Structure formats: structure tokens, C-alpha cells
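Number of protein chains: 2
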Amino acid sequence: MNLTLENVFKKIEGQKDLALKDLTDFIKIPSVSAKEQNLQEAAEFSEQLLRKNNYQTKIHSTKGGPVVTGWLDVGAKRTLLFYDHADVQPAEPFELWDSPPFELTIKNGQVFGRGVADNKGEIIVRIYAIKAWQEVMGELPCNIKFVIETEEESSSKNLASYVEKDANFLKGVDGCIWEFGGRNQNNVQEFILGVKGILYVQLSVQTLSKDAHSANAPVMTNAGERLLQAITKLKNEQNKILIPEFYTNIAKISSEEKQAIKDYKFNGEELKKSYGFDAFPRGMKEEEAKMAYFTEPTCNLCGFGSGWLGEGGKTVIPKEAMVKIDFRLVKDQDPETILNNLRKYLDDSGFPDVKIDWWNGYPAAKTPVSHEFVEICKRANKEVYNHEPEIQPTSGGSGPMHLFEQYMPIVSLGSGHADSNAHSPNENIFIVDFIDGMKCIAAILNEMKNW
Amino acid sequence: MNLTLENVFKKIEGQKDLALKDLTDFIKIPSVSAKEQNLQEAAEFSEQLLRKNNYQTKIHSTKGGPVVTGWLDVGAKRTLLFYDHADVQPAEPFELWDSPPFELTIKNGQVFGRGVADNKGEIIVRIYAIKAWQEVMGELPCNIKFVIETEEESSSKNLASYVEKDANFLKGVDGCIWEFGGRNQNNVQEFILGVKGILYVQLSVQTLSKDAHSANAPVMTNAGERLLQAITKLKNEQNKILIPEFYTNIAKISSEEKQAIKDYKFNGEELKKSYGFDAFPRGMKEEEAKMAYFTEPTCNLCGFGSGWLGEGGKTVIPKEAMVKIDFRLVKDQDPETILNNLRKYLDDSGFPDVKIDWWNGYPAAKTPVSHEFVEICKRANKEVYNHEPEIQPTSGGSGPMHLFEQYMPIVSLGSGHADSNAHSPNENIFIVDFIDGMKCIAAILNEMKNW
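Chains as they are written, first to last, in our numbering: chain A, 14 to 464; chain B, 14 to 464.
Hints may be right or wrong, so weigh each one.
Identical copies look the same in the list; a pair holds intra-copy or inter-copy alike.
Stated by the list, open to error - With a Cα cut of at most 25 Å, we get these calculated DSS-like pairs of lysine-lysine: (1) K357 - K253; (2) K327 - K285; (3) K41 - K462; (4) K184 - K462; (5) K223 - K278; (6) K298 - K223.
Read the hints as simulated data drawn from the structure, not as lab findings. Values in this document were obtained by computation on a predicted structure and should not be read as measured data.
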């Protein structure tokens, strides 16, 4: 390691308490986007954090929570952007927390509080890493931009409208560090290079104006049964989705990506143990399951409800039924096209009465595993953690990454760990990971010099 | 009409206030079997009612609510039995009642209160009709028996155990008047000669030890989807039930019964209007729908629940799913055999993991439409109402009639009307129907003389 980076690392260690002080104040703001609560306050806090570190800033209002941008233009060739969010998940159920969720609590080298992992902690990590670099080295090796939104935990409802208006801010960025990441169950850092897309629909059908006595079962159409018949048209027992043209536009998986999946340490036995099941669906072996996890689009019944669900045996023909389905999409599948095909397919299959009550969705996004920016991040990771990161070419989950992917390569990495409880009680990070996370950002800055 | 029956009718009219006084006291007892509430008190009230009218009585204790029997043995050739119940449905929601549910309220020739139609009112009707006969004619034309249970509104849970123990009381009975009945929407009296059987099952499946993020959809089995696959095996889109041997033991419909169904005024258009649907299932015409209503066994999805049913779009793989199904059975189908076949069918279809959480059921029961006892009741009905009753060879619903049908022919008739609200707020009967109901019982006694 070169001496100057070593000095940045020392500076980082020295400013731990300052960083934790800022994190303490940040955690105090209960910026729960699901409740549209304190989003403006969290945005203003983020902006002030950037301003006091000499960023130029702007708060962009949207129809919902605001978006904060900050930038340090040093006239460098390259520009690095950080995408983060200042909103958090609801903290309920409060009684399952061992300490107050909106008070930073330090215990046995761990920091507890809603948002410490997802993602207020990362904002502090990133700002303080850059600050340490400046204090030690003076000149930054690249220009820095931040986009901090306040509705990520509520599907980033208004981020697209921001991106559309502020496209010039995003153009010409060379690489983006996405909000989340950390070390996995095996204590190995993971990089996530993409997300699946999603189409979420709520379907419903009503067959009667009121529930009927089931004596009438021979002469009335049961809404639950009607909806079931429609749902069984959606996929076969081999899990193939039957909506026409569903698979038509799927992008090919590159050989580098196949290799990355092969290299990824998917712990199937651990997954089975953790979720209490014996076998993967359709007799898949572990390697097949891993490939499916990363590459398969899905049609998953998140919920289904109709009729009497209480105790005992009410004999009723339900008048209505409802189902919630999430389709996870892979690269180049378009949610809106699939939605239109779904509507037409239901109509053509004899189910024009099955309504699509609402939907939302966005496409998948991926950065090629062989992209130079990924290499930069890998080298920085090695410098700090002394191992190669495990690469997830795509997450199984979804996010608004496509809004940025059109402009820049993206790597998601961070300071969390496998039991950070990002959406659960007792959300936490380790102080050692908090410090190492800063060092990793500093090491990325160092690598940016040579790009 | 013969003079002596005319005198009994006059006596019936004269004792209206006495009968309403007893009904008033009976309604005051909130004997809600669903809450196991005041069942002993209602049984004792019934017993005293019989005792003060010179019946011999007995209260039979069971594991649940007691059963009251009463008898007047006059040494006649024939014996008539009345099956009734002294328990009522819950009165909730109280706020929808225009008068207190457990206080008899008379308004504009109507009597309101929980139980006036179902079935405390009928108990008073029947006892007072027999009393009037005795006061006018002295000698009864047949022996009289009463069976008054206290758990009818909770599936007659312990009636079978009573019937088994007291079989001698039921043997040798020539005809039974069942608990309920009255005039339909067209102001025509209806007789119900049977009930469908029922098999009610709750099925469930668990595929995971906890709900999972739907990112895992490619590698985990969704409990809701698993249960759906099992359910789709149960019947096809033509509504044919696919459980092996489901239709094997079905009794043939007699030509008399076919004729009775043909004669029955099934108002399909009214049903469609009332329940807001346009067409019967599978393109059935009205006559086909009527035949299906009376003769088809069914498999009806009373309820289905799995996963996220709240607002918005939670992306989850549910760990468990549950469905409630009622099979309505026709004559000679045995619920326990069908249950066993269902279990075997699920196993053989690859669903041994779908549990049958609980079940209950009983077989169908029917009295032949051409039975002499039905003719007796029809002649009596004509005498009072001056029209032929409409015959339902079987109800679309179910009841514990099979317990008595093994010993005697059964006709269900009574003093209610189409809007009696038997299981709803503002349960009511008309005083004129209350009196006519007594006259009909007296006319049946008169017909029993000549049998």
C-alpha cells in the first residue's frame, strides 16, 4: 500500500467519533417514507452535511419527498457519483428493539439504530472518506457527485421525474457507487452489479353483488374459483410463464456473467436450513438453483384472498377475490409491454372480467461484470479487505437502478453485514465495518486516479 | 271444512295472546349456542312448556347443550314427531336491530325478536295447535312426540349421540315435522323434503419455516402456489369433481322428484337480480340451473388465504396457505368415504404435504315426494292456505336430518316468510302466519286420523 493512502486510512480512524456524532444526529430524524414523515427534514440534514464539507448543493422538490444533490467539481477527467437515500423503513414493531430505534446506541463494537445500515450510515461513510482524502491529500482524484433521495423505501416513486429533469447532472459520470452492500455470511465482501426489474400487479374479480349461501354453488360463479382459473393460466407446473412474448426480449447472459455466477458461493444448504425446506423446486440441484436465482424471471403469488378466512366453517360463495403478483424481470424485459400482454392474454383466455386494479414496475439494470469500473472497485476492495469480493451480477431483488444505468456503470457495495437487519428491529453495523467502509471508498478514489 | 276442525281454528285464534305471552318469555332467554350461552335455561323453559301442557318430558344431557323430549301417548296407531331447537343465532350486530333482539316487539301485525322465526316461534305454534285440538276435541288422533335440541345453530354437534342413545323414542314414529318453513317470495307455502349432505374441510400447506423475500422465487416453493396446484386437481372447468369415486354411489332421482323439480317455481331472474349476476355458470339455462340446484353435489371454495392481503405491494413468498371447502353431497354419498378418497387422491396426485386440518360432515337425507305423509301435509296445507305447496325435494343447504330420516318420513314446513331474517337483524314473523301455522298443524292432526 502506498504511504499517502495509508495516511488517509489513519485520518479515517482518527475521525471516527466525529463521523459517529453526525450519524447520531442523522438517526434522530425518523424519516419514514412509508408514512411521508420527516422527509424534508432528512433532506435538509443531508444537504447541510454536504454543505459543511464544501459541496455545492441543491434540493430538488418532487411530487413526494425531495432529492438532494451535491457536487465537488475539481476539474478532473473522471466523475464518481454516489446514490443514497435519507429515508428509512418503519421501525415497528418497537417492542422488538433492544434500544430506541431513533437513538444511536453503541454496544460491544456495534452501532444500533434505524438507518445505520440502510442507508444513513453509508452516507456518513462516503462523505467522511472523501473528507479524509481531502484533508490528507488536498486535491481529489476525481469529481464527486451525490444524489440522495428520500423515497427509496417507498419504491422511489418520484425519482424518475427527478432524473428526467436533472439528466445533465448524471451525464458524463464515469462510475456510480450504489447505496447498499457489505460482507456476507462467509465474511466476504459482496458487490452487486445489477437488479432484477419488477412488474407488480393486483388482480381482482367480482362475480356477485353480495356473498351468497353456498347452497347456491351449482348456480352461481364463485369469485375465488374464477380468479384461480385465471391464475392457473399464468404459468405451468414447470414454472414457465405463459403470457405471450414474456421471454421474447430477454438479453443473453454473457460468458463473463456465467463465470461470475459459477464463481459465486451460493450456500444452498444454508438457505434450506434457514427457511426450513428440503429441496429446491422442480428437482433443481444447487448449481441449477443458483443459475435460476440470478437469471430467471418469475411470477410469484405474493398473496391471495377470498371469502371466509376466520375460525370454523362458514359456508359462503365469496362475491370477490384478489391476488397480488410480482413478476421479477430480467434485462431487456419491459414491464409495461408485459402488462399489456397480460391484459390481452387474460382477455383472450376468457377472463376479461379479471381486473388489473393497479400495477407498478420498472426494468432490470446491469453493469457488465468485465467493466473497467468494476475492476477499479475490486482492486480497492482487495486493498482494504485483502480478498476478492464475491460478485452478484444481479440481485434477486429489484431497485430503481435503471434510472442511473443508462448514464453510468454501477457497483453496489458498503459497510453492512449479513445480519444488519436492514428492514427489521435492531438494525446495526459494526464500527470496524464502518471504518473499513470509509477506507474502501478512499481506496476507490485512489484507483480513480489511474483511470 | 268439517265443523270440528273449524272449532279448533276458532280456539287457536282465541288463544293468540296466551301463545304470544309464552313466546315473549321464550325470546327473553338469549340462548345463543355459538356462545354456549343459556342453553340449559332454554331447555328447561321448553320442558316446562311441554309439562304445563301435560306432556311427559325428559332432559337428556350431552357433551354440549341438552336435548329435551316430550310425549303424549294416547294409544293411537300413528305417532307424529316434531323436531325443533331452542337455541338461536347470535344477535350481533345489535345496532342494526330496530328493537331489542331479546324482547318480543309487536309492530304493525309483525312480531320481532331473535328466534321468533328460527325456531322458538314454531315451538309455540306447534304446542298451541295441539293444545287447541285437545281443548276442542278431547282425544288426540295420534301420539305426539317432541325433540327439542339446543345446538342446531352450531351444527347440532351432539345430536347424533342423543339419537343413538334414545333410538327407541324415534322408532315407530310415522311422520316428522321439521323445524322451519313458510311462504316464499310469491306468497306460496313451501315444503322442504330433504337436505343435501355436507363435507367441510380445511386444507393447508406449509412450504417454508418463515416468509421469504420474493427475490427467492426461483429457488423456493410458494405455499399459496402449491395449494393452488392441489386445488385445481379437485374439479375441472365444467365443475365436475375429480376425486375418484365421488359420483359412484349417488342415488337415482325418481321420476316423481324430477316432476316436483319441474313444477317448482325457481325464479332465476330474481336470483340474478338479487345477487347481481348476468348468467348461470357454464351457459346453463334456467331449467338446467334449477335441476343443478336440487341435484348437483358441489365443491365450493368458501375461502382461500395466503400471503400479503393488505394495502400495497409487499414482495413476499408466503410460507403457508389455507383453503376452506364445502362439498354439498346428495343422497347416498358418504362424507367420510369422500374424505378418505380426497386424502388418497391428494397423496396420489403428489400432494401428501397438503394437510387436512379438520373436517366435519353428514350425509344427505330425503323423504320421497310421493310418500303418504307428504300427501297428508299437502292436504292440510290446502285446507288452511287454499293452495298446493311448492315442493323442494331437497334444500340446497344442509342439516342433521339424516339422524331422523332413518326412522321416519320428514316434511319441513312452518310459519315464516321470505323476509323473516332468520339469521339477521330484525328477525320477524307475521301474526297472521303465526295463527295460520297453528291451523296447519291442527289440519295435519285432522289428516292423521285417516292414515
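Tell me, which hint numbers fail for this structure? 3
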